[in-house]
Amino acid sequence: MRIGVALCIVLASCWIVASFSRVMYGASRFHVFLRFGGLEFYTHGWTKPSGLKVDTKYHGIWTHWPSYKQNSGYTTIPFWMLFLPVLLVTIWLWRTSRVRPGTCWACGYDLTGNESGVCPECGTAALPSER
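Under this note's numbering, the sequence shown is numbered contiguously, ending at residue 150.
Think of the hints as simulated: they come from the structure by calculation, not from any bench. Ideal Cβ placement from N, Cα and C applies to all residues, glycine included. Not one of these hints is a red herring.
In silico SDA-like links for lysine to any residue, alpha-carbon gap of 25 Å or less:
| # | residue 1 | residue 2 |
| --- | --- | --- |
| 1 | 72 | 28 |
| 2 | 72 | 62 |
| 3 | 67 | 50 |
| 4 | 76 | 33 |
| 5 | 88 | 51 |
| 6 | 88 | 50 |
| 7 | 67 | 43 |
| 8 | 76 | 32 |
| 9 | 76 | 101 |
| 10 | 72 | 99 |
Ranges of calculated distance between the beta carbons of each label pair, as one might list FRET restraints:
| # | residue 1 | residue 2 | range |
| --- | --- | --- | --- |
| 11 | 136 | 86 | 57 to 65 Å |
| 12 | 35 | 142 | 45 to 53 Å |
| 13 | 100 | 144 | 38 to 46 Å |
| 14 | 118 | 47 | 46 to 54 Å |
| 15 | 60 | 127 | 40 to 48 Å |
| 16 | 88 | 116 | 38 to 46 Å |
| 17 | 137 | 111 | 29 to 37 Å |
| 18 | 143 | 39 | 46 to 54 Å |
The whole structure should be built from the sequences, with the hints applied where relevant.
The structure is reproduced here in C-alpha cells:
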C-alpha cells in the first residue's frame with residue numbers, strides 16, 4: 020500500500036510538471052520528453068545528444084490518447100493512463116487490507132475473550148492495543 024501511495028505521488032508530481040513545463044532528455048538514439056501532461060519517447064535514427072533541458076510553458080493537464088508513429092519511432096503515454104490504474108489498485112488494497120478491531124492482525128481470527136495475548140489459530144502474539 021505504501022508503495023502504491025508513493026507511486027501515486029510520483030506520478031501526480033510528474034503529471035503536474037509535464038503540464039506546466041517541458042523537460043527533455045536526449046541521448047544519441049533515445050529521447051524522453053515530459054510535456055503536454057504525458058510521457059513521450061522518440062527512438063528513431065541517430066541524433067546529436069542534447070542532454071537535459073527544461074522550458075516553462077503551460078501545456079495543459081490532459082493529453083490525447085496514447086499514440087505510436089511507427090515510421091518516426093514516436094510514442095506518447097498520457098500520465099492519467101499511468102496514474103489512474105495505480106490509484107485504483109492502491110485504493111482497493113487500502114480498503115481490503117484493513118484489520119478489524121478484535122481480530123488477529125496476521126490471520127483475521129476473532130480474538131474476543133482471548134486473555135493469553137496469543138492467537139490460537141496461528142500463534143501470533145497480539146498487538147499491545149488488542150490485549
